[in-house]
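Peer 1: Go by the hints and put chain H onto chain R.
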Amino acid sequence: MSSRKKSSPEHPFAAAPRTGIPDHAFAGAHQEQLEAVVLKVDGIWNQVAALTEGRDHARVLFTSPENGTGTTLMTAATAVALARNTRSSVLLVEAHMRKPAAATYLGTEGTPGLSDLLLGHADVESAVHGVPGVPDLHLLPGGTPRPAITGEFATPAARDLVGELSRRTRFTLFDVPPLLEYREARGLLHMVDAAVVVIRSRVSLKSQTARLADVIEGARVPILGAVLNRHESEFSFLPGQRS
Amino acid sequence: MDPRAPVDPRAPLRLDPVDGGDPFGPRVLGLFGLLRSRLLIATCGAVGALAGVTAGALELDTYVARAKLRYLPGTRQQLTDEAAVGLAIEVSLRRSETAMEEEVELLQDPLVYERTAEAVGVPFVLGAADPAERDGPGTGLAQRWLHRFQSWTLGWRGLAEPCPGGVTPAHRAAAVDLLQARTLVAPSGDTEIIDVVVRDTSPERAVRLAEELVGQMLRRHLEIYEVESDLELLRESKASAYERLTRARAAFLEYKQQCGFFDMENDLVANQELNAGSEAQLALLEQDRERLLGVVGALELELGLRGDAVDASGPSGPVNPRWLALQVDIAEVDEQLRQIDAVPTPGAFTLRRRARLVEEREQLVRTLEGTERRGAGSGLAVLEEGANQALLNAQSMLSRAKGDLEGVASQIGVARRQLAELRDQRRAMEACAVEHVRLGREVRSAETQYTALTANERELAGLAIMDEEALSNLVVFRPPVRPRFKEGPNRKKPLLVGIASGLALGLGLAVLRQLVDARVRHRETVEGQLGLPLLCAVPEVPRRTRSRRAHGVA
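Going down the list, the sequences are from chains R and H. To convert, note that position 91 of the first sequence is 91 in this note's numbering; the numbers rise steadily by one, no gaps. Just add 1000 to wherever you are in the second sequence, counting from 1, and you've got this note's numbering.
Next up, chain R with everything else stripped away, as it sits in the complex (with noise of 0.2 Å):
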């Protein structure tokens, strides 16, 4: 792979030039972190691949049964892995506007972002952010912290926002808070074409992540699968063996 350098984050949704596999310019303990899931995610971004077939563009959203599990992390490392290796526009919303963290991990500006657009304070262009390293992924983060307000996700408003950002890229995956917990997110349900469930290894209950199952095929969305997060085989001890 060749390296590239790190450039400045660009308009939102242009066209970069590839110029083939940047050298990585993520920096800082989050992106460190975030290199190394991506070589770990590769179940995860073919099959959201898939979906595409016969289609136009896919959305794809990404959940778990509490917080802590790493839906953030496993979200933004889908998505560069996607970005990358399919060569094709990547949108990754962050719909946890409580604790927005993709920003961080991407390395781009926090603000303005998708609790900022839905109160109308920015509009589209400046609120989606250019991934630097990485032309084909595009975030919408949390924005300005705050609290989420009771069906702000199922107004026309904002279904149209999201109509809107999932014409212009191939691949939307939505990062989102817990269901279970954040009931205001289920809105999203809707606007979706599958569900990734993530799971802590140790920490998520059976029954919570069964709970969350039942909730996001009460919807209609099918799951493509889960991830398990943080996972140390039995078997690590041993040489020679990983999880």
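Using 25 Å as the maximum straight-line C-alpha spacing, the simulated DMTMM-like pairs for lysine to aspartate or glutamate come out as follows:
#: 1; chain 1: H; residue 1: K1068; chain 2: H; residue 2: E1211
#: 2; chain 1: R; residue 1: K40; chain 2: H; residue 2: E1540
#: 3; chain 1: R; residue 1: K99; chain 2: H; residue 2: E1540
Hints were generated in silico from the structure; no laboratory data involved.
Peer 2: Quick look at chain H alone, frame taken from chain R:
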């Protein structure tokens, strides 16, 4: 399995069978549990090993002193049933084939251990030797440390001073139990040898206990088989019992002579029977007397022999002889009825006779009511003649009745005297009864004692006859030898047991922990129980503080 079915977080993990078999069966469940809790299992095993080592260390060294006794059965054990019949002795013979077993059982009599404990001292038995005192220049360091540890534990285990407040019955009982547990007495194969094995915590203690134990066993054996002295004592007792019996009998006889009652019980019964008979007879006689008094009084009244009598030939005229005859007839019928009623005799004849007499009396009474009592007018001569005859009859009856009355009175007097004599006799017997009964019991007690002693004497005499021919003998074949090396304990066993127990506990906890786990841990859980396809399993990637990392080329 419906993946959307409600999930019980405590339920064991289940998967639908897939090609190639169930990938998450109990085997894998156990394997995952073991791997996940390997530290726990190892810790439990280590703790168990430590406990085993400690338990092994607490066991003091064991030294064994051995002795051998030789048992020679005597005539008692060799006598056959046929020969015993001819001896006419009442003994429970011991057969040779069971003699050894019975001898071994005898040597294990608790009395032997009690005497041994008393001889060596109860604190000695309950205590233990201090292992540290035997350490010398040749003792290894590990051994020294072990002995120091054991010596330190003697205090709180109560082995240094087992009887701090003095020897109590509980201590004695404990000493006996401990001796029995440490001692083994068994025949050596089919030989005449009996092995005696004694264990203790030092060679000196073991050999001392063994020597004392062997001595007490020999003593016990002699007690059982020593018959002559017992026989002499028994004969002395028997002689004393005979003297006592003789004295009791003499005293009893003398008292009987003094009282005059040689058979108090039977005499008392006879007295009661006679007394009852006399009283009944007296009652009958008194009834008879009352009747005769009535008859005499009536006759005297009619004959004018009494103050209120009417002159038979007075102004009112003479007594109608017919009336007087009817009175006499009625009195005779009454007498016959009284005799029938006095001695009830079942039967139709008696009943008919009585009925006839009752009817006859009623007829006489009716006739009497219709008869004038005094005669008057013509026919006076006939009346006078009849009156004279009636008077004669009445006088005759009166004299007869008076005679009967005197006879009855005399009988009454005799009966009363007899009754008085019986009562006097009874009082005399009651006065003597207490002492009579006491002396009788004394005689019976002496007889019982003498009889029992006589039977025992016969038995012992039989045994003595057999012992004269060949006495059962127990000798020391080899005295107790001071052990040179210790023979225990086996400290590997508690260690192995500790390790095994610890590992088993750890395994159980591991499986339990796995079964009750409510969280998602394994890929199989995601796919099997939750029914979600697993896209990938991402390991934990720690967040580092490096500034830049090159992206490696695949």
